[in-house]
Amino acid sequence: MISFRYAALVLALPLASLAGAQITLVSPGNVPVNGRTYIVHRGAYTAPGAGGANMQFNYTALTGTGVNTYAWQDPASLPNGAQFPEAQFALTNAGPDTVFYKATAAGLERIGDTQTISAGNSYHFTTSFSNSVLELQIPLAFGNAPWTDLFTGTFTVDGNNATRNGAITGKADAWGQLTMPGGGSPVEVLRVATRLTESIPMTVSGIPVTITHVHNASAFYPLWGKFPVLRMVSDSLTSSPININQNYAYTEWLDATAMGIASQEAQPLAMQVFPNPAGNAATVLVHNAANSPVEVAVVDMRGGVVLRKQANGPAVDIDVQQWAPGIYQVVLTSKEGLRSTARLVVAH
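Numbering (this note's numbering), first residue to last: 1452 to 1799.
Just to be clear, a hint being listed does not mean it is correct.
Claimed, not checked - Straight-line Cα separation of at most 27 Å, DSS-like style, residue types lysine-lysine; simulated pairs: (1) K1553 / K1622; (2) K1786 / K1760; (3) K1786 / K1622.
Stated by the list, open to error - Here are the in silico distance ranges between beta carbons for each label pair: (4) T1605 / T1555: 17 to 27 Å; (5) A1766 / T1555: 32 to 42 Å; (6) P1530 / D1768: 30 to 40 Å.
Hints in this document: simulated from the structure, not taken from any laboratory. Note that this is a predicted model, so its numbers are computed, not measured. The beta carbon of each residue, even a glycine, is placed where N, CA and C say it ideally should be.
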């Protein structure tokens, strides 16, 4: 039997503060940061259920049957990293599989990966995508039009050249409050559903084989998260003329300790925004900037930057009188590269 193990894009997680308002995935808030490691529980597959606005997702009853560790790493530090000089991030799963990404104006794109297959013998191969896979569109909000991206990749296995041709479609199909396994405070999330289909012609034991791969995922992304807090995955692999029929499905969610670490990482500058909601002006307080320059950026619900300025003091005033009412994200970036994000609601 041939088995492909796809290290899927999973992306982390602080607790959002404003119930009853959807979030938008943006850059840099939802772009990976190398050096972060996350403990993830895996259990039986649970269907995602209906989508929609202001949903209440309750997954307190999920029971784990295994634990995985995912990490964002610097591609240059990995054995195959030199094959992908454009890669900015690499996602590893404590095994032989690695996925290489770059962040573009379109979002987070897979440009290569290493995978392992078993077809009597085990084979390890590396795919380079000449036409990358847009796995997560950024910016992204509920109500945005679905995206579709075609991809092409080539690899060599057992001395034979092969290609991977397919398409991925995605859409933010729900937002609301998610209660994690074990309970605790709800997490405000945006749910992103993706479907990847690809055809992989290759030779196995001298016999030409065409493999069809379908990968469905529903991932719940929190504000400024680098991983989903929870996701459901179903995957199928079929082939002809050799009859291969492999299916697996599971649900994964972040360990409580991983969520705690991520929550602390999400706010290294200890930012506060008040008043919130704001009518005419808002003040941003930065407690941990050590009097060093900080860039202040404000992003609207469409992902557009409406304000960008440098601040040298602990307090930054923002004039919002001319802004449209709605929800904004305030992003602080220190000269050392530390980032914090907070929600700002404008209500005139």
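These are the hints, each one checked on the structure:
1. K1553 / K1622: With a Cα-Cα distance of about 20 Å, the restraint between K1553 and K1622 holds, given a limit of 27 Å.
2. K1786 / K1760: The given pair, whose Cα atoms are some 13 Å apart, holds under the 27 Å limit.
3. K1786 / K1622: violated, 35 Å
4. T1605 / T1555: 17 to 27 Å: Roughly 21 Å apart at Cβ, these two residues keep to the hinted range, so it holds.
5. A1766 / T1555: 32 to 42 Å: Holds, at about 35 Å.
6. P1530 / D1768: 30 to 40 Å: At roughly 50 Å between Cβ atoms, D1768 and P1530 fall outside 30 to 40 Å, so the hint is violated.
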